[in-house]
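Chains as they are written, first to last, in my numbering: chain A, -6 to 148; chain B, -6 to 148; chain C, -6 to 148; chain D, -6 to 148.
Hints in this document: simulated from the structure, not taken from any laboratory. Hints are supplied without guarantee of correctness; some may be wrong.
It does not matter which identical chain is meant; a pair holds if it fits inside one copy or across any two.
Unchecked claim - Each computed DMTMM-like pair below joins lysine to aspartate or glutamate, with the alpha-carbon atoms no more than 20 Å apart: (1) -1 x 34; (2) -1 x 62; (3) -1 x 133; (4) -1 x 105; (5) 58 x 107; (6) 58 x 105.
None of the values given here were measured: they were computed from a predicted structure.
There are 4 protein chains.
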Amino acid sequence: MTPYEKYRLRIPLRVRWAEVDLQGVVFNGNYLTYCDVCVTEYWRAIGMPYPAAFLEIGSDMFVRKATLEYHAAAVFDDELEVCGRTGRLGRTSLVFQVGMFRRGSTDSALIEGELVYVNVDPSTRATRPLPEALRQRIREFEPRSPEGERAHDAS
Amino acid sequence: MTPYEKYRLRIPLRVRWAEVDLQGVVFNGNYLTYCDVCVTEYWRAIGMPYPAAFLEIGSDMFVRKATLEYHAAAVFDDELEVCGRTGRLGRTSLVFQVGMFRRGSTDSALIEGELVYVNVDPSTRATRPLPEALRQRIREFEPRSPEGERAHDAS
Amino acid sequence: MTPYEKYRLRIPLRVRWAEVDLQGVVFNGNYLTYCDVCVTEYWRAIGMPYPAAFLEIGSDMFVRKATLEYHAAAVFDDELEVCGRTGRLGRTSLVFQVGMFRRGSTDSALIEGELVYVNVDPSTRATRPLPEALRQRIREFEPRSPEGERAHDAS
Amino acid sequence: MTPYEKYRLRIPLRVRWAEVDLQGVVFNGNYLTYCDVCVTEYWRAIGMPYPAAFLEIGSDMFVRKATLEYHAAAVFDDELEVCGRTGRLGRTSLVFQVGMFRRGSTDSALIEGELVYVNVDPSTRATRPLPEALRQRIREFEPRSPEGERAHDAS
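So here's chain A without its partners, still in its complex pose (with noise of 0.2 Å):
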């Protein structure tokens, strides 16, 4: 489990009544949305917000695979941390890692996510390597360099 000082990106996020189901939590899928507001702030945060600094440079982004991992559930009303890093720096893909905690019990994430983004030519939709500037913003962002770790290949 990566552990809540790992991510430098942590974006407060209040659970919403219509995202609960009928078992008190919320619906599985539900995180998928939590991760994607997180993985915008992240790349606004970078400097790069989507989809506009991303057209700039010729790129668009795919989930290639995602992961998603229940260890506790998230109620109603609950003030999460939802909380993202880039995992993984790929030939054309990243990881994307995402945990979630609640507000003031940040020793163990509720949910943890992975999402593998493929970057491509908006037009095309064609597989392409990450482009360099995208590279150099994500390595000036993250506390460690992503880089050391084994580099995803997604093509």
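Given chain A's structure and the hints, the job is docking chains B, C and D onto it.
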């Protein structure tokens, strides 16, 4: 309340787990998704599949106003019939009526919806008179012409 | 149109990617989720956090009718202010008004919503007069008492 | 990739307008709603309609882990076949596999999902061995017993 028999289009729809909230009923906003499913099938039924057939005649439709009346609740796994008809044809807009009935219990609607759609130019999104082709298709489809009723003016 | 200044409660809300459809605007039904976020914060603001404080006084609230007017579109990443107030207090129901403004552009609402909430007994779900405690809290919170306006009768 | 023929359960599902995002494809999280629709129909198909038949035998199911692989995109109005099967039966959990195919194009799945469900006591939500009745129903339904494969241990 518009009776079941006045609707020519009737779409079966089963309530999904993710659509139901902690009160045990469909979250109030999700009925607008059901309305949208219904209007999509309506355009198909009259021979104008959205958005292709609309773009061909230089048209797009935007919702200007939506009203939902909640007479009774739909719950998880309910088999609904979502029924739709054009209630009024105006100069630039039309009123689409939706009635949601529980299957086999068609004497009164659980939910009634009314959506005012306004016709726009797809590129400028400026309001335009309803295309005659669309008007004609609706007249042909509806059991009785909705023309006779008071025309709605959305401009 | 209810002016921005008449709303005491104003909630910041940023439009999520998953809430926007192919027309490039927030899907029409998702505004009811925004309304629900607003009413949740309203109950908290008046000192009646939902559902706990309602259950304590033997009350639950159901939506009887919802109306949305779409004056202009909200788009991805828009920073909205979702504003809410009690417009009318009836015997068994109240009318909650919502205005959604783009931040920094508060002269006209993009979207206006009106929701009729009816008070029910939590166990039987039968309509009951609005609890005096709730009525009192609302009167205290609102800049001017909504009592003076025509009482809405939802029964 | 699990071939189309290995799935005994196949559910028709048409992509809704509200499920598609600005990239023109189904928003990545909405596929988990499709998975949920599929598992609901699976419980019905094996004679264990959820939640009633589960409560009767003192069981409830929670998602412990979910994985989605996005091979190709589903777009608005696509007619999908959402196919489901139990891939593995463990002691306390089972792995449910989902393949989403475009109708008439069943040689490769657009999307594949895998959900680990853990059986719990409905009142305490503590993990419990899979009820024998459930295990039996699944064995009878699946073309070949999933027992032979490596049992998943979710505890």
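Which numbered hints fail: Violated hints: none; all satisfied.
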